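Protein chains in written order, with my numbering: chain A, 6 to 478; chain B, 6 to 478; chain C, 6 to 478; chain D, 6 to 478.
Keep in mind that a hint or two might mislead.
[Claimed, not checked] Which chain A residues face chain B? A few, computed with CB under 10 Å, are given here: (1) Q43; (2) N66; (3) D304; (4) H311; (5) V319; (6) I322; (7) I345; (8) V349.
Honestly, the hints are just simulated from the structure, not real lab data. It should be emphasised that the depicted structure is a prediction, and the values quoted were computed from it without experimental measurement. All residues carry an ideal CB built from backbone N, CA and C; glycine is no exception.
Protein chains: 4
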Amino acid sequence: MFNCIREECGVFGIYSNTPTTVANSVFYGLYALQHRGQESCGIVVNDRGVFSYHKGLGLVNEVFDAESLGKLPQGKIALGHVRYSTTGNITASNTQPIVVRHIKGPMAIAHNGNLINALTLRREYELKGAIFHSTSDTEVISYAITEARLETGSIEKALEKAMGKIRGAYSLVIMSAKKLIAARDPDGFRPLCIGTLPDGGYVVASESCALDSIGADYLRDVKPGEIVVINENGLNSIETNCRKKGTMCVFEYVYFARPDSVINGASVHGARLRAGEFLAKEHPVDADIVIGVPDSGLDAALGFAHASGIPYGVGFIKNRYVGRTFIQPAQGMREDSVKIKLNVIKKVVEGKRVVLVDDSIVRGTTSGRIVALIRNAGAKEVHMRISSPPFISPCYFGTDIDSKDKLIACKMTVPEIAKHIGADTLGYLSAENVVRIAEEADTGFCSGCFTGKYPIEVPDEMPKDKFEQKLIE
Amino acid sequence: MFNCIREECGVFGIYSNTPTTVANSVFYGLYALQHRGQESCGIVVNDRGVFSYHKGLGLVNEVFDAESLGKLPQGKIALGHVRYSTTGNITASNTQPIVVRHIKGPMAIAHNGNLINALTLRREYELKGAIFHSTSDTEVISYAITEARLETGSIEKALEKAMGKIRGAYSLVIMSAKKLIAARDPDGFRPLCIGTLPDGGYVVASESCALDSIGADYLRDVKPGEIVVINENGLNSIETNCRKKGTMCVFEYVYFARPDSVINGASVHGARLRAGEFLAKEHPVDADIVIGVPDSGLDAALGFAHASGIPYGVGFIKNRYVGRTFIQPAQGMREDSVKIKLNVIKKVVEGKRVVLVDDSIVRGTTSGRIVALIRNAGAKEVHMRISSPPFISPCYFGTDIDSKDKLIACKMTVPEIAKHIGADTLGYLSAENVVRIAEEADTGFCSGCFTGKYPIEVPDEMPKDKFEQKLIE
Amino acid sequence: MFNCIREECGVFGIYSNTPTTVANSVFYGLYALQHRGQESCGIVVNDRGVFSYHKGLGLVNEVFDAESLGKLPQGKIALGHVRYSTTGNITASNTQPIVVRHIKGPMAIAHNGNLINALTLRREYELKGAIFHSTSDTEVISYAITEARLETGSIEKALEKAMGKIRGAYSLVIMSAKKLIAARDPDGFRPLCIGTLPDGGYVVASESCALDSIGADYLRDVKPGEIVVINENGLNSIETNCRKKGTMCVFEYVYFARPDSVINGASVHGARLRAGEFLAKEHPVDADIVIGVPDSGLDAALGFAHASGIPYGVGFIKNRYVGRTFIQPAQGMREDSVKIKLNVIKKVVEGKRVVLVDDSIVRGTTSGRIVALIRNAGAKEVHMRISSPPFISPCYFGTDIDSKDKLIACKMTVPEIAKHIGADTLGYLSAENVVRIAEEADTGFCSGCFTGKYPIEVPDEMPKDKFEQKLIE
Amino acid sequence: MFNCIREECGVFGIYSNTPTTVANSVFYGLYALQHRGQESCGIVVNDRGVFSYHKGLGLVNEVFDAESLGKLPQGKIALGHVRYSTTGNITASNTQPIVVRHIKGPMAIAHNGNLINALTLRREYELKGAIFHSTSDTEVISYAITEARLETGSIEKALEKAMGKIRGAYSLVIMSAKKLIAARDPDGFRPLCIGTLPDGGYVVASESCALDSIGADYLRDVKPGEIVVINENGLNSIETNCRKKGTMCVFEYVYFARPDSVINGASVHGARLRAGEFLAKEHPVDADIVIGVPDSGLDAALGFAHASGIPYGVGFIKNRYVGRTFIQPAQGMREDSVKIKLNVIKKVVEGKRVVLVDDSIVRGTTSGRIVALIRNAGAKEVHMRISSPPFISPCYFGTDIDSKDKLIACKMTVPEIAKHIGADTLGYLSAENVVRIAEEADTGFCSGCFTGKYPIEVPDEMPKDKFEQKLIE
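Using the sequences provided together with the hints, build the complete structure.
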């Protein structure tokens, strides 16, 4: 709720064996993926080759209502996207899915991730006369596929070839006139899974919780480097780009994904419980009660309680009705936005030694306010425990973990941070253990934001935060 | 979330010693009281005797934004209301606070509760030439005060007299040109508390969580029958109608109120933990895990776990982005609205004997779906525990606990209900214990909906559900 | 378009012999009456005694769309209103029709006009315990009818009695459970006419253009003082309050009414042509072309041209897309709002001696700008002719012709005004002739705003402009 | 108002010598050009090379308000567009201006007209890997410029080269990082003119009325084939593509343009007066009054009256408040949409022999209704006169004059049409005279829709009406 770290996208695609209200299914799927992006969303429906779409700025149930969903035709194939970032311009040009036409007809693309050679490729295409309508990577991917399509016999072959050119993190869902295609980068940074529909059709989604929401059964995850092609012949796979075990973003387990999702075979909720258990062992403390910061700290708090034997309690109530656009409190009143969203149950913490569990600390401001709330409610001691290691390095693979000067752990030691946020003690999960929280997952992990070591080399063209800027000026 | 039982209102009033953006404070207060009514809301500001208001259908942050709040003037006194019920007509005439003018100038009233002699009084006033603009009790209360005002020297004296005439449940906040007045019916059915502001001013609110949200300090509850008058002379009390200990609605503790509120000195969260503890003793079961139905069953589940020694687990994830106006799933898909709002964490319940705790069962439909979700996720056994007794009788005092033919417990025995919802066993908290969950509260309790015995006699004019009808036809 | 003088209301009622979509008919009727009030509007439908309504701030086609009209039920009787004035508070409490319930059931009232003893009556009712929800006269009328209803056998009898109590200008349409009632004050200040429907039903409307819009046939005007009762027995008339010939507002003919309306048997367009003809005779001038200020000056310009023999020309183009909420031009640009709305056809006026005809001058600012536009386009001379006399006195009978300090003719002589607005000559229609422009009309005229002599005595309680103020403070 | 023939676009560009609120100026300019396109609109502002835009479906004052205008930055250059046609899909992808980035940075284009080789060029670019986001010609123009830009030293040189490739009707306004560029196709089908700003800057607009609205002075029209480049060095012209006198669309004078505009030196109002005069000579009739159909028939009616000596009258009142999205009358009522928008002034036509002047007849339905209105109001005879020749051939140059099966004149003789619409006589302006109505204009004329003879050859790829279809299927 208060975290500054944001996932950049969620994707969803459906292939139904019979024409139906596929837009509604995408709507429910996006709804379940809303936590992956709250700034804009869109749905494209393919009705026998004719693509219709509706996109907009806002939450899924702000952009879509019965009227706008009703205007989208029935069809067999559809695509959806939720997105976090906007460019700052008052334009909607970066909303996804992007819908284009090339030599072979219409194509729609929804993308979760971030390319690390987007600028180079963009320049290359511009030199050939290409025109860009947005600043997003996804248009670069479109050109790479289109370019390859001129020399190959199918869109999946074109994508196979294009994947040799684009580098970075990408979980893609693509729709052509007759096919739904899903693909994941060879490193498998971002999740993408497949489900089956009762009618024999298929769904692909960033997380399994989206399958659950429409009653689809989880089939498997898309493999790193795999291209999955779904059409009237069913599901087929191209594995020529599958050459690695994969290095999944470990912060998906810590924070981004929904606890009820299963990613690469590992339960997200289970991983968070385990993070709490590790934390209890790494940073034990003598205390009366363990409470979590809602919502993302609750699971780890429960794990901490189990492993430590200290009772688990409910310390905070979150206002369920908090909207995104919150009116700022007037000056001179004692209100503050944390207090409006979160209230302490005084009876639970009064006179107690409290272990307070959260998933991460970014700048420290919010953590400081939360510690203060607990203290003002009468806690004797506050011991902060964080279920991931300190952020020390930016992420180049699809999240907004940012340049070093905005990360408190780049500027202070752990004791300094503890003092800064007003905690009696502070303990972070170690980098060794964070990659062990989802051990049953069939993948390696990227923990570059905690270690500065990335699975693939990051080129100089990636001056974190400056990407949009460069394109605009 | 899925419960059909709804509180009908929340009220909030503020008296600041200096003119300021009181509308903003009311906004935050209503925001914290949103759970008490989601259908409409309104704010009235008193700027040196001139009343300005904005009301509308929808949630607080739908009806109000920076622009509409900004148009309300600064002032020293303001009033707000959140409301549940609408009449079915496409009119906004029943939104509150109501703002009227009578012989002594402007008056605004916000009301939580329900009169049991409203029809009789309405008829009496109509015979004298009265005109009504709405079908709400609140307009009847306005006339009773106005009538008394003609014969008394102040609005508080008029209210004191009117309280001899109106009967039933009412927690009122009233604003005149120079005063803020709060009052509670002599039985104290609905909560109402007082807080102090840093500048020496006062706030009154249905629940203490609203005081917390604006940084006000809890002072005390308004007593049953008390009239509290706040003006430039500070706070004064009229206790001539205080003749009973009070019979607070016990379902406020079980379900309506926010867990972080303290009512009559008793923590709502604490009462719910205790309900779970009683329940564990009344209906013990051999099981592997205790899970609660979000959000209202979570506290009792934790209490059950503590008392039983069975581990507490998180079994469900609720979609945080569920709006009120949800688009119904299309026919022929396997989606259903419970599944879209609530997902099971399979890993937690798979192969387990599960104790499932919820606050109440109304018709049984939702409970049946939730039990099915748990079973489909692989639970071996499901033992349903309800932290309140079966509903067997309607409520006439401000909630929509309804006529008998809609309550499952009026039509089935407990074992029949268990079978109906698909649970292996089912246990309800006893009527003896439900009134013990908040024992530190300085009040008696109304548990009429569980027993059919009401603290005051309900007249024949109360043909539950037919009130609106009568007025319209 | 640029005039500051505004009519305050338009009313419309329908009685269909069979239940149908009466709301749609009212919608079209109000649409045709939109020029009489653009601030708010509303429609009430009577479906077998159940009243449903929708009201709002804005134009008819802003407040109503297919959805909101569709939500109103079918019925036999319905009422509508368009209104100009709002109080300045951000409230919608003064929108009409007002819908209330009294001892005999529901009643809705739509009112065009202004009472001159409203404050006195209001006080009288307040002393009996009355409550007011708005500051409008219409609520006072409701009380007068309700009071009389307690002592009479029908709503029309009650209205007949109430008309002895209320004084001023009122054209009323009233709906009870089974009747549609229309009435006009004994002086007949404001228009009100009756039409017949193909199915034998009836319509009443402020102007005949509203009958035309729904295909109703004009029957006759309601007489000054008459009460018309329409129910299943057809149309019946009560004429006990008919004691005068009537003194219709002459400015209805000059400006307020639509040119295609026929009022009291006289064509509005015809009256304006004749005003132009009189003007040509009173203030002849040697010139090359006659042009009118759109839209209200066009008819009089044509009349002037006919009578003078000077050719008629089209000198201005009005932007058809001007909305009500116009964005003000930024400072430093040469745009001004008159220029954006109105453009001169240079070719028509260049090098010419121009007679420019408009209906009235209020403050002189707009007239000055329009004269400047003509001069800048190259006119050699500009001779302004006004088709009504100078405003020298306020109107108390339902328009906003205002207190003397805002009327230029109260502060300057005609030559001074000519100089002020930049015209070579200026001529107003005389007060003698203005009451002769609609001579075929079966009524006398009120020209109080031009003469200061009113048909009925205006009491001291009428401190023009201060009415709202008094109520609020 | 009732005509089915629609112009497809209006364009506006501004170059201010100092950074200012250029978006506001474009807003007023588009406002004056609203009659050229009511379906969508957009504004792009260039703030030192950074392009920001806002576009949307609807009228200028629906899409833009103070808030959305305020979000656009100040700048020196800006571009705007109003558009008529949409594709039928619920997408906004065809709104203009289009804003893209190519190798040399950002470029925005606003286009009025229609290419006749768009499909061929589109195919050519697709074969090189091009991606299209819309189905509009404008994207093809973007590619042609971008392609040429790779081989030329400036955007104006690129445009000069691209004009050798694109064929058809185009009035373009283009914005690059530092320049505002205007261009017209070598045949000069659509208008485009230049104005000067007080600060020495420039404006370009489809019609001179847009210059007037912001206080700019008309400088001259852009020549057929000319490229006008405006930057910090002032205005420069490239005339290498100027090789013809030009063949301006004559229907701009008859109907499309605003009467207050001057195009190619000829007043539109003057041309319409003259059309009426020619008509009076070609088709004289003995009658009592001449009336025009609002708004487009009024000028020609006045010309007819002058030339014939028959008095000019105002026969219709148009409802000023008609919105675009009008609610259809319910079945069974006598309302019809023409009656709601237009009402006859009975007094003017009753018992008269009426000459009724309109600009054109498309299908004949509306004309039939209007003749019926006049007859029902009591006219003795109705003589219809049309100020342009019969439509017998489609337009390929930027209007929606359509395939032959929708044009009544392709299926009936003039006497048959007269009978069909219920007129006593019917006379059209001759094809010989229609090109003489604006004789002072410094251009030839295209009257292909009246003659079937086009200034340039139309290729087979132009299966009128099928363009969108082809792209989508």
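Hints, verified against the model:
no. : hint : in the structure
1   : Q43  : 8 Å, holds
2   : N66  : 4 Å, holds
3   : D304 : 6 Å, holds
4   : H311 : 7 Å, holds
5   : V319 : 6 Å, holds
6   : I322 : 4 Å, holds
7   : I345 : 5 Å, holds
8   : V349 : 7 Å, holds
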